[in-house]
Amino acid sequence: MIHSLFLINASGDIFLEKHWKSVVSRSVCDYFFEAQERASEPENVPPVIPTPHHYLISVLRHRIYFVAVIQSEVPPLFVIEFLHRVVDTFQDYFGVCTEAAIKDNVVVVYELLEEMLDNGFPLATESNILKELIKPPTILRTMVNTITGSTNVGEQLPTGQLSVVPWRRTGVKYTNNEAYFDVVEEIDVIIDKSGSTITAEIQGVIDACVKLTGMPDLTLSFMNPRLLDDVSFHPCVRFKRWEAERILSFIPPDGNFRLLSYHVSSQNLVAIPVYVKHNITFREGSSQGRFDLTLGPKQTMGKVVESVLVSSQLPRGVLNANLNPSQGTYTFDPVTKLLSWDVGKINPQKLPSLKGTMSLQAGASKPDENPTFNIQFKIQQMAISGLKVNRLDMYGEKYKPFKGIKYMTKAGKFQVRT
Amino acid sequence: MSSGVGYNDQTGAETAVEAGQETTPTTSSSGAAFGLFSSDFKKNEDLKEMLESNKESLKLEAMKRVVGLISKGKNASELFPAVVKNVASKNIELKKLVYVYLVRYAEEQQDLALLSISTFQRALKDPNQFIRASALRVLSSIRVPIIVPIMMLAIKEAATDLSPYVRKTSAHAIQKLYSLDPDQKEQLIEVIEKLLKDKSTLVAGSVVVAFEEVCPDRIDLIHKNYRKLCNLLVDVEEWGQVVIISMLTRYARTQFTSPWKEDAVFDENNEKTFYDSDSEEKKVPTEAKPYMMDPDHRLLLRNTKPLLQSRNTAVVMSVAQLYWHLAPKHEVSVVTKSLVRLLRSHREVQYIVLQNIATMSIQRKGMFEPYMKSFYVRSTDPTHIKTLKLEILTNLANEANISTILREFQTYVKSQDKTFAAATIQAIGRCATNISEVTDTCLNGLVLLLSNRDETVVAESVVVIKKLLQTQPTQHSEIIKHMAKLFDNITVPMARASILWLMGEYCDRVPKIAPDVLRKMAKTFTTEEDIVKLQTVNLAAKLYLTNSKQTKLLTQYILNLGKYDQNYDIRDRTRFIRQLIVPSEKSGALNKYARRILLAPKPAPVLESAFKDRDRFQLGTLSHSLNVKASGYQELSDWPAVAPDPSVRNVEVIEPVKEWAPSLGKAKQPKSDAKFYSDDEEKEEEGSERSSSSSSEDDSSSSSSSKGLAAKYHFPRQPCLYQPSMVSVQVILTNNSDHVLEEIHIGERSPAGLNVHCFNTIERLEPGASVTVSMGVDFSDSTQAANFQLCTKEDQFGVSIQPAVGELLMPFTMTEADFNREQSEI
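From first to last, the protein sequence lines stand for chains A and B. Each residue of the first sequence is one higher than the last, beginning at 1 in this note's numbering. Each residue of the second sequence is one higher than the last, beginning at 419 in this note's numbering.
Check each hint, because a few of them may be wrong.
[Unchecked claim] List of simulated lysine to any residue pairs, SDA-like, C-alpha gap at most 25 angstroms:
1. B:1047 <-> A:9
2. A:21 <-> B:568
3. B:617 <-> B:509
4. A:21 <-> B:632
5. B:836 <-> A:315
6. B:492 <-> A:244
7. B:755 <-> A:28
8. A:131 <-> B:568
[Said to hold, decoys possible] Facing chain A, a subset of chain B residues (Cβ under 7 angstroms, in silico):
9. 594
10. 759
11. 770
12. 924
13. 928
14. 966
15. 970
If you're looking for bench data, these hints aren't it; they were derived computationally from the structure. A quick note: this is a predicted structure, and the numbers were derived from the prediction, not measured. We treat Cβ as the ideally placed atom computed from N, Cα and C, and that holds for glycine.
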């Protein structure tokens, strides 16, 4: 299935290659470079590129292209999903997934890739299993290994591989038993010129960090499970139980994992936590434009909107912007025409605003497109859909775990058209 | 990690300089590489010394550097002899790295690679399943044709291994051997057939991959395993699910009859059912109709549906395509929600999913219409995502929602991304032709766009307007005039050509303007693009025929210019047109028909989706994504008119194992968590109800249990591996207690001379876990019970196995004639 993998950095160097079948010459990447040249932006490179003898399927993450070489028919999503898993695994092992991290840990990377695929077919992609096979590098372990000569590589078949709970390793021991769940909701909105909402959707995930001894069996129930319209689960969740009782029942993997992602049914009205007032005008004939932007909170249930960041791609005709923020800082890049305003917190008493003028190219006609504002923000301790966890219980083990649940709302793709 | 970067530090370079001088001639085999990478060569020399040292740590260090070289694509093949020596190392990490090296270079250094083979052969017999599996993995990855027989043997042996993990590895090895030597196909198919029968979820995915690679046309191998695969599906690992689902899709299309009864009427009833799609699942709607869905067909649909909730996007997509290709039309819409959910995933995932939705939305508007807003374009989307969303929105447009969509399109036209703006104009054109109510609105909107400042937008509008006018030319001479006015300001060749064509085609409606346009073109003819020149020639010809008084000279002039053009197409066209329209002695009969040829009414172009004919490919495939048949693509066959015999899927009943020795200890019944997802027993029961019961595979099976340790044994009726005189017995040990059982092994036996091949001591058995071991017992051809002790660390229990006569016999195939002859001799 997957023949080879090439890792290519932003400047177009192939800095790692791995072959699972016979060796494919790296010249095959020339087709990729061609496609890259044709694309105006790095994201515009098509994910699937045909070449005379192979097919290239690539994903771009952390400014690294992961290019898989395929020789025959295979579902493209299969490869894409796998490549993303590879990236996730690297991130899990090295903390970051950068060229430097990969180069520094090239041996671990190679060992991982060797275990993840056999003859191009995924073998072990579950992080708990991989961690038993190849222990993640830590400073302490590196030191111990140098002194004692022991290795990072496990000698036994990970128990998970054969058991009915392949995602959990056995013999887990903690002195502090704790289970944390983060309910994170993202709100995707498009607001049109006149301020009316065109679309608004809420997508949420529950990320868990479970550090519990033994084989705990957890159940998690919601106050209002009806909100969840479409869900996808970690394989550990018992689907039948959910279908019947709307209760999440599972033996968790050890460590961090995504328990659930969901979509809040569209029948519910979505409360939009911020509003934007804008006035951006270009006058015909003059080389000046006016810029006026104000943000304000709306339906936040008394919570503070924080980490607010507004960014916008101004029209190509804009040469420079001379703006005055009432709070925070702004930057404007005259080359990419990217305006970004780091607002910080929104104080309902004193609304943040950004006002000033833009200078246009002399003699050029007024741009006929208006910019779109992308807004990012965070609201702690609130799930915008109103989802609430009712209770979390543990069975199968005797100790009392420490349990914690955190809520957060973030802006997903929050766009305001002007 | 400190060692990873060691190869470019000081010390390496220094030792290399010393060593570099004397050793040049020994490594002639890869001289070319040395010339290019002389610095590498020096470092490699130092590596060789390290590999040959007797310090484990130095060797490991060296191997890490070698792997670093391989990862960069540098040639490290000259180290082969030094590396291969370490293949039997005790250090597991070193060994693994040697494996990596070996797999990479064995093909180039076949003779030396053979040195390592015996190590693997030994490891294949190792008691540790993990070591057996990795030995097989490496052995089968060494692409050296000479070891094909060894690989074949190893695969056959591993396919009957007790460890499912080793069996899984053997399934992978099948494909490797097949690609190395396709002549082994027949033998490999036998192994595949054996492995397909495997009941382990671990093996299922891998063996189906092997099946797809080696013998995808041997659909007959699937019959018996079909129901098992369907039932196992939810428990198979996610990657296996994808391949199994796509294989089963193909299978189902050859075995079941079409559930799509009246294709003509599905469109309206699908709209109706869409809104109650959730409730409609429970009843089986097909039963009322004369069409009866094969229960196996239903089984597949039912068992794949929960997988729509998978976190793996590839699994969701494969279920979606299964429903698309196999489910009755009104059930397909269950996949909509999940597909829309995938749009929240990574950009690349979105791209593929949108492509598939685009194809689906052409045939089934109703499926995605309620989710129309999910396809609204965001300014931050990459261009290819934007155009796909646009495509889908256009497909979804109908009388009811067109005004919303057009309003949305208005924003897109103003986008800063001009390629996208141009695509939007095309989309507006398509909406205008598809929905007659809005044609005029669209046309007016497009005419307004003609005064846009951006050239690509204007050009695209002209092209689209041209197409629209062709569909209804009667009432639009105003627009043609307007375009003639704009002509001077438009520089994009395609747009200019379009306007010229319009002038020529409808020259009778703009009789005054057309000759003037031709006049202008005559002036600039030489500087125009080829496509514009061709249309100029066309315009000239048409005007010559309709209005020769005014344009005769102009036409002559243009034809003369064309005659000497650099482009042969234009010269050809000019020559042809001249003969056609200008009467001369030589021109002959054709001349009479010039009018009819040039001014024939032309059919209006049909504006249709680029995804129109993509449905010839199975959804979710690479071929579908590229719209080209990819190598290795398996066509999805049409439904058979008459279903092939469904009884081929019947399997022998496997009697539920009876526990006739009641558990003595406090044996706690393990909770249902042993089996995830598949805790719906009724499925399996259904499967067995249907199947005809014939002789069973393991009819005598029994169990004993005490102190929470349960043992069930049965006779697999396979030849015993250990000794020919032994009967093989499989024992399933289950820990029903709440504590870990350690060191399970066989102790004393009676009669004392009883010859038993014991299983390896089981170190640990977790509560609730179970393990299958096999042993060989020599019953000395008698039905005497074999008694032995089953011991754990703390305890021991007596076990007695009494074989039925049938278990002591070996099956033997013979022809009827042989049988009669043998019988007569008794």
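Against the structure, the hints:
With a CA separation close to 31 angstroms, the supplied pair residue 1047 of chain B and residue 9 of chain A exceeds the 25 angstroms bound. This hinted pair checks out: residue 21 of chain A and residue 568 of chain B have alpha carbons roughly 19 angstroms apart, not beyond 25 angstroms. Annotation: proposed proximity of residue 617 of chain B to residue 509 of chain B is violated, straight-line Cα distance about 35 angstroms (limit 25 angstroms). At most 25 angstroms may separate the alpha-carbon atoms for a hinted pair to count; residue 21 of chain A and residue 632 of chain B meet this at roughly 16 angstroms.
A threshold of 25 angstroms between alpha carbons decides the hint, and for residue 836 of chain B with residue 315 of chain A the separation of about 12 angstroms falls inside it, so the pair holds. Taken as a hint, the residue 492 of chain B and residue 244 of chain A pair is broken in the structure, with Cα atoms around 57 angstroms apart against an allowance of 25 angstroms. About 38 angstroms separates the Cα atoms of residue 755 of chain B and residue 28 of chain A, which puts this hinted pair outside 25 angstroms; it is violated. As the CA atoms of residue 131 of chain A and residue 568 of chain B are separated by approximately 33 angstroms, the hinted pair breaks the 25 angstroms bound.
Taking 7 angstroms as the C-beta cut-off, the interface hint given for residue 594 of chain B holds, the closest approach to chain A being about 5 angstroms. The beta carbon of residue 759 of chain B comes within 5 angstroms of a beta carbon in chain A, closer than 7 angstroms, and the hint placing it at the interface holds. Evaluation of the residue 770 of chain B hint against chain A yields a held restraint, the C-beta minimum of about 5 angstroms falling below 7 angstroms. Hint status for residue 924 of chain B relative to chain A: violated, with the closest Cβ pair at about 30 angstroms, above 7 angstroms.
Restraint check, residue 928 of chain B versus chain A: the minimum CB separation of about 29 angstroms is more than 7 angstroms; hint violated. Here the hint on residue 966 of chain B is broken, as its CB sits about 43 angstroms from the closest CB of chain A, past 7 angstroms. A hinted interface residue such as residue 970 of chain B counts as satisfied when its beta carbon comes closer than 7 angstroms to some beta carbon of chain A; here the least separation is about 42 angstroms, so the hint is violated.
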